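**Student:** We have chain Z; now place chain S onto it with these hints.
Protein sequences appear in the order of chains Z and S.
Numbering-wise (the working numbering), the first sequence opens with residue 1 and increments by one.
Numbering-wise (the working numbering), the second sequence opens with residue 1 and increments by one.
Hints were generated in silico from the structure; no laboratory data involved.
Take these hints with a grain of salt, some might be off.
Because identical chains share one entry, a pair is satisfied inside a single copy or across any pair of copies.
Derived pair list, reagent style SDA-like, types lysine to any residue, alpha-carbon separation capped at 25 Å [what the hints assert, rightly or not]:
| # | residue 1 | residue 2 |
| --- | --- | --- |
| 1 | 190 | 168 |
| 2 | 80 | 513 |
| 3 | 47 | 58 |
| 4 | 325 | 170 |
| 5 | 342 | 285 |
| 6 | 499 | 10 |
| 7 | 325 | 601 |
| 8 | 499 | 586 |
| 9 | 147 | 235 |
| 10 | 147 | 182 |
| 11 | 190 | 170 |
All values reported here derive from a predicted model rather than from experimental measurement.
2 protein chains.
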Amino acid sequence: MPTYRAPVKDTQFVLDAVVGLNNFSNLPGFAEATPDTVAAILEEGAKFCENVLAPINLSGDQEGCTRHDDASVTTPAGFKAAYDAFVEAGWGTLAADPAYGGQGLPHVVATAIAEYLSSANMAFSMYPGLNEGAQAAITAVGSDAQKRIYLPRMVEGRWTGTMNLTEPQCGTDLGLIRTRAEPQADGTYKITGTKIFISAGEHDLSDNIIHLVLAKTTGAPDSVKGISLFIVPKFLVEADGSLGARNAVKCGSIEHKMGIHANATCVMNYDGATGYLIGEEMKGLRAMFIMMNAARLGVGVQGLAQGEVAYQNAAIYARDRVQGKALGIVANAEPIPEPASKADPIIVHADVRRMLMDGRAFNEGARALILWGALHVDLAHQAATADERQVADDLIGLLTPVIKGYCTDQGYAVATSAQQVYGGHGYITEWGMEQFVRDARIAQIYEGTNGIQAMDLVGRKLGMNGGRALRAWLALLAQDIADAKGDERLAALAGGLEKATGELQAATMWLMQNGLAKPDNAGAAATAYLHLMGIVALGRMWLVMAKASHAALDAGAGDRAFYDAKLITARYFAERFLPDAGALRRKLEAGAEALMALPAEAF
Amino acid sequence: MPTYRAPVKDTQFVLDAVVGLNNFSNLPGFAEATPDTVAAILEEGAKFCENVLAPINLSGDQEGCTRHDDASVTTPAGFKAAYDAFVEAGWGTLAADPAYGGQGLPHVVATAIAEYLSSANMAFSMYPGLNEGAQAAITAVGSDAQKRIYLPRMVEGRWTGTMNLTEPQCGTDLGLIRTRAEPQADGTYKITGTKIFISAGEHDLSDNIIHLVLAKTTGAPDSVKGISLFIVPKFLVEADGSLGARNAVKCGSIEHKMGIHANATCVMNYDGATGYLIGEEMKGLRAMFIMMNAARLGVGVQGLAQGEVAYQNAAIYARDRVQGKALGIVANAEPIPEPASKADPIIVHADVRRMLMDGRAFNEGARALILWGALHVDLAHQAATADERQVADDLIGLLTPVIKGYCTDQGYAVATSAQQVYGGHGYITEWGMEQFVRDARIAQIYEGTNGIQAMDLVGRKLGMNGGRALRAWLALLAQDIADAKGDERLAALAGGLEKATGELQAATMWLMQNGLAKPDNAGAAATAYLHLMGIVALGRMWLVMAKASHAALDAGAGDRAFYDAKLITARYFAERFLPDAGALRRKLEAGAEALMALPAEAF
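Next comes chain Z alone, as it looks inside the complex (with noise of 0.2 Å):
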């Protein structure tokens, strides 16, 4: 069975070397993340996550969520007991609003455990992430008395949420949802129809669970303009906050898929279900959005978790494994001695180690682009200037379908390069492997494939406020890479680095130029432009952990092999990396000509 070891040591350094976390105690919520706090939390976190959630992860994964008869729907053993803990000890409260019984600390705390949530148990971990979506939602755009009635229960985690966004003729493209809210007298809503694929949609966990659900209200337009959101809940609330009656919503089904077992995938039925509207009529989308953005940064973490947990068992087994002698010792000598021992263990051979050392040079890049993009979202909220905000929401909104796309596309490749490691015994199930590929493929897929996210940034984000937030990200990449050449240790990544940047800055100058007067050369250059723009971003992460590695090895760090550790694994992330972006470029600048050549009666 494979096993989980939280990072927490890693995530410190992020926390201190990237994210500068105590810079920012003048800041709300940021205040009362102390270092000692933070070391307790972290430290907490990883003994939850490595003993009570990591170890009902394969099990999950084999018994999966069962449906029943009366369209109720249990998870798997250990589920329930696990979830009772998780709301005792409050893990879903940290970066909750302490008027509803959060704790009201940072986001970027708040990740770093999330990352430890997902990597021990993903499916389990989609039952409260979905409830801090939902929760988002009411936060943004409910009313008073909504946020009163459902935010504490919910922050408690005594209920939980769910975002009821798809229909079977309807995913990406919202504007053809079916589902009806017919108003009534009472200033509720009848609400009907089918959403399918709704996480967490129905399961023994809590004590009630609250859609928000998107549907047209009667005569609005039949597009995006026309929709709305919902809150419907399971059970009806009364006035005291009690639960009511049932409401006329139900699992019709759950799905059959890859992966994520433990996790309830539900098809919805809404038979005239009672809906509370939650904002402005048809301005649901706005909402929805909201709650999606931040969704988007939990679905990159999940990348990098999957990518973490499968790289920390690989390498265990790259340890443990015998096979095959060192290359090194067999190569020298002519006969081949009768070695010492019959066999090495596989760590000693340089392809197996690629495979690691990609799985760490991605793992620790990711972990710091996301706690940085994390503390974004708190600066974008919290930071003393409007000025500060400003930039800090122009990142993160530049930096978000990147860190989904890019961290999502890799952490599935590091979690098939370590399932690999194990050759032929990381294809079978009970060595949990390959539960990682399956339960990592998902997040490729959902709140926005990664060819939607790519379009997000190519046709939105990059052209936003007249490319505000690019030319902020870049001159930060031109700020950090001077700042580097000055140190000659730090030169051949800042070269490196430079030279990606200068790609992806030609990249750029090609969507300008080709891009706006014929849109399919965006559509074309997208996937490629966001896998740039993830190589330049990791890029830049490294340089200022190298940067922090020296500094802490030239002011007499006890620990140098960690320090060490992470100059040669910037030093590979420079070597194996940073290359694709040269190519990358080339590839997106032969643009849409050769793609949209065929008709579709071709393929």
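**Tutor:** Relative to the frame of chain Z, chain S by itself:
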């Protein structure tokens, strides 16, 4: 449910344009492979695969194999009937020796059919696939008596075969084998040990199962030098060929695994089973490698086959699924007009086409490479002169690890992209796309992981006979490029291939200068080098196909759309695949230093 249409026209095109099948009609076997015969075989094979095998692929995955208390194994519903039909039609006899009931056709024809079988039902196709591997070993090293007893029934398909290499402690490194063979007074051996991952080790399809088992004879060296190969039939065979007593070999369990659920992956327990030495004592590995080289080409076919069937379904979905408007339409007007239709088929979106074109460019290129490779298997045995046989043997030896490694890595990538086209539906079992991904995954792992393929390429094949094979391959590339430059319509593709070939030559030079003295440099470069070889090899196939397409169009071919599509896809390959060559070279030239720097305990 997914569908499958065998790409008969594409196969024909490759057989004509790339393989030049008609040029070899003077050779044994090829004489019978007249255009009419080949066309009939492809058409009939297509029908069988489409109508018999494809319909039980998804259900076979769902049901899987069942081991009963008496150690017998039942295949999923429909498999026995399909196998009987397979035997009845003689699909396993195409390339087998007429002396044993085969049709004696070229391997290249059988390989074309192997693709169809694997696309339609990979798990099913492995039963006859393993059987052919076992036949190859018996053919290569069996005595006349052994051939006479086993081959006719195995060729017919009434008996099947298996390959037993792996043990719990022993995968790649066969020196670690513990299975023992104790000589008996009657010349037989008692075989005792446990073999794992035995595909088709036990099932209900055939009357007898002929296990080929690696074991060490009493007193033999406890290393690769002490390994012998044995025939261990499930039922002992009487002198008249009838079945005798049940042998002491049983299926201990079947593995639960990521995919190919309908193929029984068995733990086989040998408990003093009667075995017959095949070939010379302690020369067992040699026989196994004969079998394995053929098997590796077959695994490359599986990579292509899963890429092809996944692509086909993605293309159908992309033409059918209506979601979002084409960018061109939305962007050209302000305010956005209410469009005539609410949404377009998603094939209008450039990023969806990117995934489909990646699939086409790989699948069609890989089919050409694989059939061209299969031709060289034939030529290595059948070509008229010793020189021609040697060149063919050199080329297929060099390219076998490339076909296995590159085609399975890319086949998996294409299957994953095809799944992505489906959005959330791709993750749901009933659509069948996630099965293609899970099935494709094993091909990167078995018959020598792709890392082992890469080591075989750089550590063995490159240097054999002073690099003779690579020189022959580079000369072929240079000739094709020089020829193509005379036609300005081919200049861009030829130029791109020339550049990529230059990267390959430089990478080879780097390997010669750095890999011999320090083998870890070769190990660190191996996978990147294999991919670089793969890209160049597919590039060469696209150049040949583009040339043939122009020739067909110049000659007034009726089906212009077919050849136009080839030319567009060739251009796409040049624009979107060839640029990786430079990045791969840069990565491999980074060498082993950063890779090997960390102590094992740092992972």
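**Student:** Against each hint, give a clear statement of whether it holds in the structure.
**Tutor:** Structure-based check of each hint:
Within a single copy, residue 190 and residue 168 get their C-alpha atoms as close as 20 Å, which meets the 25 Å cut-off; across copies the closest is 61 Å, which misses it. With identical chains, the CA atoms of residue 80 and residue 513 are never at most 25 Å apart, being 55 Å at best within one copy and 61 Å at best between copies. Taking CA atoms no more than 25 Å apart as the test, residue 47 paired with residue 58 passes inside one copy only; the shortest distance there is 18 Å, against 41 Å between copies. When the C-alpha separation of residue 325 and residue 170 is checked against a cutoff of 25 Å, the pair qualifies only between copies, where the shortest distance is 13 Å, while the shortest distance within a copy is 55 Å.
Taking the shortest Cα distances, residue 342 and residue 285 sit within 25 Å of each other only across copies (18 Å), while inside one copy they are farther apart (64 Å). In this assembly of identical chains, the alpha carbons of residue 499 and residue 10 never lie at most 25 Å apart, being 28 Å within a copy and 42 Å across copies at closest. Taking identical chains as interchangeable, the C-alpha atoms of residue 325 and residue 601 lie at most 25 Å apart only when they sit on different chains, with a minimum of 18 Å there against 54 Å within one chain. Proximity of residue 499 to residue 586 under the C-alpha cut-off of 25 Å is found in both arrangements, the shortest distances being 14 Å within a copy and 13 Å between copies.
For the homomeric pair residue 147 and residue 235, the shortest alpha-carbon distance inside one copy (17 Å) is at most 25 Å, but the shortest distance between copies (73 Å) is not. In this assembly of identical chains, the alpha carbons of residue 147 and residue 182 lie at most 25 Å apart only when taken from the same copy (23 Å versus 78 Å across copies). In this assembly of identical chains, residue 190 and residue 170 lie within 25 Å of each other by CA distance solely inside one copy; the values are 21 Å within and 64 Å between copies.
The earlier numbered hints that this structure contradicts are 2, 6.
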